[in-house]
Amino acid sequence: MRAIRRFTVRTSLPAELADLDELAHNLRWSWHPPTRDLFARIDPETWDRVHGDPVALLGALAPERLAELAADPDVVAAVRAAAADLREYVTAPRWYQRRQETESALPSTIAYFSPEFGITAVLPQYSGGLGILAGDHLKSASDLGVPIIGVGLLYGAGYFKQALTRDGWQVESYPVLDPDGMPLTLLREEDGTPATIGIGLPGDRTLHAHIWVATVGRVPLLLLDSDVPENDDMARKVTDRLYGGGGEHRLQQELLLGVGGVRALRVWSRLSGAPAPEVYHTNEGHAGFLGVERIRELVTEAGLGFDEALEAVRAATVFTTHTPVPAGIDRFETGLIEQYFGGANADPGVPVDRVLALGAEDYPGGDPLVFNMAVMGLRLGGRANGVSLLHGEVSRGMFDGLWPGFDDSEVPITSVTNGVHSPTWVDRRLSDLAAARLGEDADWLRSDAITDSELWGIRHTLREALVTEARRRVRKSWGERGASPAELGWVDGVLDPEVLTIGFARRVPTYKRLTLMLRDPQRLTRLLTDPERPIQLVIAGKSHPADEQGKRLIQQLVRFADQAEVRHRIVFLPNYDIAMAQSLYPGCDVWLNNPLRPLEACGTSGMKAALNGGLNLSILDGWWDEWFDGQNGWAIPTADGVEDTDRRDDLEAAALYDLIENQVAPRFYDRDEAGLPQRWLSMVRHTLATLGPKVQATRMVAEYVDRLYTPAATAGRELGAPAGFTGARELAAWKGKVRAGWQGVRVDHVESGGVGEVPQVGDTLHVRAYVSLGELDPADVEVQVVHGRVSESDELDAFSTDSLALVESYEAGRHAFAGDVTLEASGPFGYSVRVVPRHDGLSSVAEVGLVANAG
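Heads up, the sequence shown is in UniProt numbering, so the first residue is 1 and it goes up one at a time.
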């Protein structure tokens, strides 16, 4: 076949319509209905044909149609008004700018690195929850005015498109994406040539990349593309697809994301005049090499030593972990890391052994032959967090080996619970109703504003829309599976807008348990076909192309759904993406989630369903563990402690069936004289009123600003360039001194008194500790009394700490510290004394990883 050379011919817009290009290339349209209405008005038929893609719409318009539009004063006025509204949105002060008027500590700019971004189906650069979260983070930052710059990769084929064989097996295809045909702009130098960054590779090769910019409201998103003429064939394939390829391919992607991303930021600052970021946020470990590159910069350009640069970098870095399972972390052979950071690629200021140490699993149970990206992220991140309260707890236990001697509760990993961008995910019919009736201060508890009949009516409308869309997708899928139109008459009866609709859609790793609902096929069949209270299931999800087990789960589910007895009540919809999700979440009455607890970090699909008036039916995992209150849905009981996985699945599936049969379905079908399910609607109103504010990504981003970004910016200024790096130099020297001298630190003796034979609440315990510090000074340490309730295993449970004050010093580095502890609660009480390093530059008591406990 003849080789084809491709390029995209851009539409030349008349001057009167020139603003359409700006409107099409700012992704605010993806969550701003008036802008989408404008594009739909231009050519409704073409708008539907291009699936709501403004760039594709403009490219499809003939010059004659454009001339017609340019001659229509109403259209021209509408275009100019929309452009003026967009410019007001991107320039006017918002929440963040109003705070900056009085809060000087807020960072000027934050760089947000992620391997994937899910912003719109038109820009398919995401695979699942991590990318959707990143997209919602940028959109919400834009709405709040938070000055974020996103950094990612531009994948030539995105993730993959999913289809099914006749036998129900997942098959993948990788359509080539044309950046010129997407809402992207190539970053160019002042002379018009593409801006380029480069990274050295083994074998005296260089990986070059161009920088595409997606404009997400007020937020620029820089996407690096290796498919450029400067690269050899192998280098051009580095960004071929998301999460494709093996270890070295993945490593090259992560080097380009981290190292190349920092270099792209420098180019962006030079060309745009934007300030360099004060804070760097690593969304999962994939981008961890950004810290290595920033260390290299400081060593090379600021004359710092490695340890000094490390302190400056750590101070201003935030690391977010998203996985509760070690298998979800990228790990590379140490020999591979040596190839990329040693030999001809070695940098004298960044020795390969220091790089290896950042990702070393040098703790009990670790593998000395691998380099762990999450471990590097934690060592380079002065502040770290999980993505729900439960995930924060799981993460502290998962990574406690990095801080030996400290209780899991003291491991410096906090949590910020994820949220979702409601303008993206709330169905317009629902948001329009709320806006029309309630204005800015929507209170879904006000029955005088929206009646039960209206609320039930909109829920029925959304369910009906899902049924129509599901039938379209089922017909299309069966066509791809080889069925002829003559075989598909039954599709017109698939699903029923009057039936209780349960949704389940997510990635398909085994721990999410796609097929838990199939543990008892006969019982599920009875629930689906119950003559009085039937249910119907709408299911979607992709398995990673290399995950054969996940594909088998999909096949098992599809084969069940294909059976003539149930196929009108259960469907599997291939190619789950943003476009599908935007009809799926609103149309479901119940959102099902049944992962193996506690293996889901947060989950956000149930949040999106809740914002549309859906109720959650979920294992108490992720965010549901935190916000389930007994009235906003149902909690599936878990068989914690049951070691046999099959037995556990049987028990939890039975609990799921019981809930659906005895609580969920009866409440949905319990109607009053007017045909309204009053108790169901009460739960819907409660969900909207109580979960609505909590699940917002604006709440999440505001928490990041207050709890992580601002402290990181403050620490970065104190240690970094604004302070001449004096703080970084001093902190690095102090840590070196403490580590060298810690072997001489010990608690020699502890005395106590002041409490009688029968201690009472309110009594005061006097504690005096004699401590040897060796070469260290008392100012280098904090001596603490650790106290609290004693558990049955004779360990302190939920303890507190109080500092002891220096009261006397002796010869040979020996000192006495003393203080009081008030007994504040009854029950078994215990205490101990320990010594920890103390410095104003530390972000947590465990940061240095050193502690001396009383024997």
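Honestly, I wouldn't trust all of these hints.
Between beta-carbon pairs, the in silico distance windows are [unchecked claim]:
1) Ser826 <-> Gln97: 20 to 30 Å
2) Glu626 <-> Asp748: 19 to 29 Å
3) Glu498 <-> Arg559: 24 to 34 Å
Okay, derived cross-link-like pairs now, SDA-like style, lysine to any residue, Cα gap no bigger than 25 Å in a straight line [what the hints assert, rightly or not]:
4) Lys476 <-> Leu455
5) Lys551 <-> Glu565
6) Lys476 <-> Pro545
I should point out that these hints are in silico values taken from the structure, not numbers from a laboratory. Treat the numbers as computed from the prediction; the structure is a model and nothing was measured. Here a beta-carbon is modelled for each residue, glycine too, at the ideal position from N, C-alpha and C.
**Violating hint indices (sorted, rising)** = 1, 2 and 4
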